[in-house]
Each structure stands twice: as structure tokens, then as C-alpha cells.
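Protein chains in written order, with the numbering used here: chain A, 547 to 907; chain B, 547 to 907.
Derived by calculation from the structure, the hints in this document are not laboratory data.
Every residue, glycine too, gets a C-beta built ideally from N, C-alpha and C.
Be aware that one or more of the hints could be misleading.
In the DSS-like style, the derived pairs of lysine-lysine whose C-alpha atoms are separated by at most 27 angstroms in a straight line are [as the list claims (entries may be wrong)]:
(1) 847/B <-> 897/B
(2) 616/B <-> 674/A
(3) 616/A <-> 674/B
Partial chain A-side listing against chain B, Cβ under 10 angstroms, derived [claimed, not checked]:
(4) 573
(5) 578
(6) 582
(7) 588
(8) 599
(9) 601
(10) 604
(11) 613
(12) 616
(13) 622
(14) 629
(15) 733
(16) 902
So the chains spell out like this:
Number of protein chains: 2
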Amino acid sequence: MQDPRVARLARILVRYSIAARSRQTVGVTGGSAAEPLIAAVYEELLRAGAFPVVRMQPADLTERLFRNGKPHHFTTLIPFQRAYARCMDATIRIAAEVNTRGLSSADPRREARLFRTLKPVGDALRRKPWVLTLYPTAAYAQDAEMSLREFEDLVYGATFADMRDPVSAWRALRRRQARLIARLRGADKIRIVGPDTDIRMSVRNRTFINSDGRHNMPSGEIFTGPVAGSVEGHIRYDAAVCHRGREIDGIRLVFRKGVVVEASAAKNEKFLQAMLDTDPGARRVGELGIGTNTGIRRFTKNILFDEKIGGTVHLALGKAYPETGGRNQSAVHWDMIKDLRRDGALYVDGKVFQKNGTFKT
Amino acid sequence: MQDPRVARLARILVRYSIAARSRQTVGVTGGSAAEPLIAAVYEELLRAGAFPVVRMQPADLTERLFRNGKPHHFTTLIPFQRAYARCMDATIRIAAEVNTRGLSSADPRREARLFRTLKPVGDALRRKPWVLTLYPTAAYAQDAEMSLREFEDLVYGATFADMRDPVSAWRALRRRQARLIARLRGADKIRIVGPDTDIRMSVRNRTFINSDGRHNMPSGEIFTGPVAGSVEGHIRYDAAVCHRGREIDGIRLVFRKGVVVEASAAKNEKFLQAMLDTDPGARRVGELGIGTNTGIRRFTKNILFDEKIGGTVHLALGKAYPETGGRNQSAVHWDMIKDLRRDGALYVDGKVFQKNGTFKT
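Between the sequences and the hints, there should be enough to build the whole structure, so can you do that?
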């Protein structure tokens, strides 16, 4: 018998995250390892009356592209891609990698080109309901240094798929986050301090968004787009991240007038540099996020989970979410996480907002 | 290590069947059981410079549709389907069922409705290069009463994927078939006789097509569309077929003035009747095919193979291939096979063309 949490996660995605309606066309994409969840989402969409368009991909498709693709495969947006973006009323993407390091030796400049090429499609799809989730695979469990069973518990716990009434739980989280956002109304100066970290930025006239599981599943963060040019200082990120098929660790960035002027990494620094050179926006912050999900406690090396950990903050290089007021248009969006749970703090206009991972009330 | 015949079949499909060219967009669809072949086709398309669009489907997708779909799922052609047909320059479809009887209890009228709905898309795609093949699964092996390894040998043997130079082998088959077609030039009256079978039809002014592995892989048949209204007589088909998730056996049809006036089946007769009622064309013959592939000797219950067996003929109810001159526009196309290898014969204008499975020279 199939794990009943799979069908429950499918229901959360279809009924809560994108709130599919009858006769909508909904695109479902994901690697073949996610087949049980993809099939459950397909069924739930049918029950909601929507038209599912399933595009499951063989495992390692991107690796195969990098190994066999010709230059034009990285620079051409084919009409089908635009038609897909036009025809979908909503999209559900399911990450299900079988090897998170498969692109370790791929050329990062080719990757940057590919992301630039695909950007218009991603932008168009993000103007309609969309959600990104993850299906637990052995590869993700390995990164998290867990057994697959333990990692499944983490995923279904963090998404509330192990609860009887997950939708109510997501609504409660939304209310908690709304109270944090209310306290940030009118805020201007943000300062983040911690070991080897002291960085300031302005969020004046920007909007904090309540990330309540509609675009990311799981979620549990509030975020905004800082004022371009206001970021000053240095930050050493704590958590290693797997980004686009590589592990990058020990990232340290120095910002002057909003721009990264120094960047180093203990591991895969060359990839970091190539990503920074993708376009001008890639050297600027696009997002400040504040994690609130206390159901996730351990780093997993997977950004979808790590950035939500209660007690952490993250600054993303690149693209801003326009609904925040941020204007960064980069093809890159790379979240990097700072853990404030030990000797860290976040100040808002000089007052403690969060210290050592705990929100001040 | 992967079976090297998988990559060779991929090469046949890409380089020979659809002859993909650089910058063409090629759709690849198939069930998840075909993942090794789908991935190999994806790579070969990239190497050919084409843009692959992969739409792998979870196993049992159609069963899930019948179980969960609402009426509008069977009657609505969504804009995405038309866009897909428009954007593809060629398509490769890979059958890979994990259970060939999954639709045994589905409502055949709902199925007929679905096929009618999807017909414009299939028609549009068939106006461009397309090929249908099969990936060996345990379900197909089970139908053929073979082990999976034996069935793999049958598939890769019939497709020439076990040869060093499969493309030359397909070209040689094309030449052999061209000689048969030359002998049929100007032919009018066809008569097929055998146990409980005596049926006549006219192929006057119709074109015989050389099915040489470009649309079906494997292939090995020549076919035409008989003159509507000319089919007279009765036929008892020999081989059980699995058609759309059911096994149908012991089909017997009586034709008057081209129309099926009596139809019975030893197994699943109700489904047969529902298919005949799909539309007016479903009661008329759309195709007469003559199998030539002597590399396939045993019935497998799979039409893609069985209709190619050297020594058999098949009459398809429903849609004609317009390139033959046939005009049947039905949403149905159902091949039924008559084995002439024992006490059977095919006469052309009164002369023996094939007897007991052997072509007369």
C-alpha cells in the first residue's frame, strides 16, 4: 500500500497551494523518481475538474542535456515553451533528484546561459498560481545525512501532510506570519549580525510577503526585496547548499552600495563566480527572507527546507519577487542562509526583532 | 550496464524513422516503464541537434483518468493539445504498458468519446513525421506468453536493433516490399479465403503504401485503403488482440456493401459493439494490410507486432490512411488479423498472390 501521506501532499498542492478550479489547465512537471506523487496529483486534479498536463522527466535529464546538447540547445527558447507557459493556468513542479551533484563538472557559464534563455517562461508561469515542492528521494536524504525514512518524515512533517487537517495548519501558520509582518510595517533599516557577519540594508516602502505554502511546499517564511543599492557590509553564510547540481560551502560576500565586491567560497568558488557574472542583477540582493518554520530544525542542504528553518534568515542574490517592490530582474535567484540561532540577531530600526533564533514579542 | 540495443533502437527511431534534423522540435511521449528508451531517445535527439520535448507519463495514467475523470475530461480538447500538435515538427510515441488489461472494466462509450475528442490532434500530428514503437515490459511479455528476456529478444530482433547496421536492413526490407507493390499495380479485386472466411473487396485506383519502419517500429507490411462499399463477405479473425486495455478474442464480422452488419466476439463482444457505434466510419474497413516480416513468427497479442507477421493479413475497421486514397474518417482504427499460414490464401484479380503464408513469385 502506498504511503497515505503522498495522497495528502497531493491534496495540499492541488486544493490549497494552487487551489485548482474546474476546467483549469494545470501543468505538472517532475523527475520520474516522483512518480507516486505525480500520479496522486494527476488524480487529485481530475477530481477537482482540472485538466492535468503531465510532463514527467527521466532522471538525470539535465545531466544528459549538458553532456549531449549543442550550443543552440542553451540559447534557444522554442515556440513550444512559450505555448506551454501561455496554455497553463497553474503549475506544480516537483523536485525529485536522484543525484544532487550530477552537474558538478558542468560548465557554469553554459548553465547561466540556459537560465537566461528560460527566464521569460519562468516569469510568465510565476504570474499565475504555481507551487514548487519536493518528493523525498535517497539523494536528498543523503544530503541531509538521514535515512530515506527519516527524510520522508521530515518532508511530510514540514508540509503538514502527516496531519489530519493540513489546510487548517497552513492557515494557522499564515496568521502567525501575518502578526510578524504587522510588526514590520513602516520598517526601514535592517541589520543582521552574527559571527563574521554585519550587514545592513533598507526595506523602506517595501512589502513583506507572507509565504504560507502557496508557492513553496513546505513554506514558513516572510520575505521582501531590499532597496537596491542599500546593502552594505559582509556576511558569511553557514549552511552548505546544493545549487544546480553542486555543493557550495563557506560562502562569504562583501557588499558595497548594494553590489557584491568580494566573493569567496570554501567549495566550488568558481561556480559562485560564474553565477555572479550571469548578469548585472546577479551581484545584487533580490530577497531578504526570515524563516519561521520551527518544525524544521536541521539543515538538509536543500534550500526549499533550509530557508524556512525558524531562526534563520536568507539573502538571495538575483531576481526579486516583484510583489515585494523589489526590482531586480536577474535570471539568477540563489538563496543563501544565515543561521542566527547561535550568537546572531536581526535588528529592525535599531530594535531587536529576532535574537538567537527567537522572535521578540 | 544498459542493454546496448536500447540505444540502437533510439538511433533507429531518431535517425531513420523520423530522420530528425537540427533545430526541429520533437515530441517524445511514453509511459514511465520506457524510461531507459525515452532517455536514450532524448540524448539521440540532442546529438541530432533537435529540441526534444519529453512528456513521460506515470504508469496506468489512462486507468486513473477513467477512474477519476469527470465527463468534461472526455469531451474537451484543451488549447494545450492543439498547441502541442502545432509546435511539434515530429513525434515519437513509445508504448510501455505495465498492465494491458487495466481498462477491462472501463466504459467503452466513454472511451469512444475520448478518441473522438482527441482525433484532431492525432490527425494533425500524423501529417508530420511520426513513429510509434514499443518498449518491452513484463506485461507485453505476459501477453506473448514469454519471459521478459525472450520478449526483449523478439522486440530488438523485429526492430533490427540487434544488428550492426539496422538502417541498411530497413532499406532492404523496403526494397522487398516495393517489389510486392509493383506486382499490385493496377490491381482491382482482392479475395481473402480461409477457415470460416471468404471476403472480397476492391482496391481499384488505390495506392499500396510501403510500411518500412518510418511510422511503425517494427514494421514490415504493405497496406492500402479499400474502396468504401466494396467489402462483401465474412471473416473470422484468428488472433486475440489487446486493444485499449482489454483482450478481445474470436471476432467474426459480416460485411454487406462495405458495412459491418453482423459482429460477434467470443470475448468482450460488448466492447466490440461499442467501438462499432463510435461513428459511421467505425463499421467500415479503413485498411487492408499484408504482413511481410518473417522475423516475427509468433502471435504476441500486440498489434504492433502481430499485424507485421509474414503470412498474415489484417483488415482495420475505421480510419483510412489518406495517402492510400481511402477516405474513412473514423476516430477508430482497429486492426484485426487473419492468419493465412494454414489453409489460407489471398487472391488478386483471381490469381494467387499469397498462399498458406507464402508470396507467389
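Hints, one by one, checked against the model:
1. 847/B <-> 897/B: 31 angstroms, violated
2. 616/B <-> 674/A: Judged against 27 angstroms, a Cα distance of about 24 angstroms means the pair holds.
3. 616/A <-> 674/B: 24 angstroms, holds
4. 573: 8 angstroms, holds
5. 578: Residue 578/A check passes; min Cβ-Cβ to chain B is 6 angstroms, inside 10 angstroms.
6. 582: 8 angstroms, holds
7. 588: Holds, about 6 angstroms.
8. 599: 5 angstroms, holds
9. 601: 5 angstroms, holds
10. 604: 4 angstroms, holds
11. 613: Hint holds; residue 613/A Cβ to chain B Cβ min 8 angstroms, cut 10 angstroms.
12. 616: OK, holds: residue 616/A within 10 angstroms of chain B, min 5 angstroms.
13. 622: Interface hint status for residue 622/A: holds (7 angstroms vs cutoff 10 angstroms).
14. 629: 4 angstroms, holds
15. 733: This hint is violated: residue 733/A lies away from chain B, its Cβ roughly 43 angstroms from the closest one there, beyond 10 angstroms.
16. 902: Violated, about 46 angstroms.
Of the numbered hints stated above, those contradicted by the structure are hints 1, 15 and 16, listed in ascending order.
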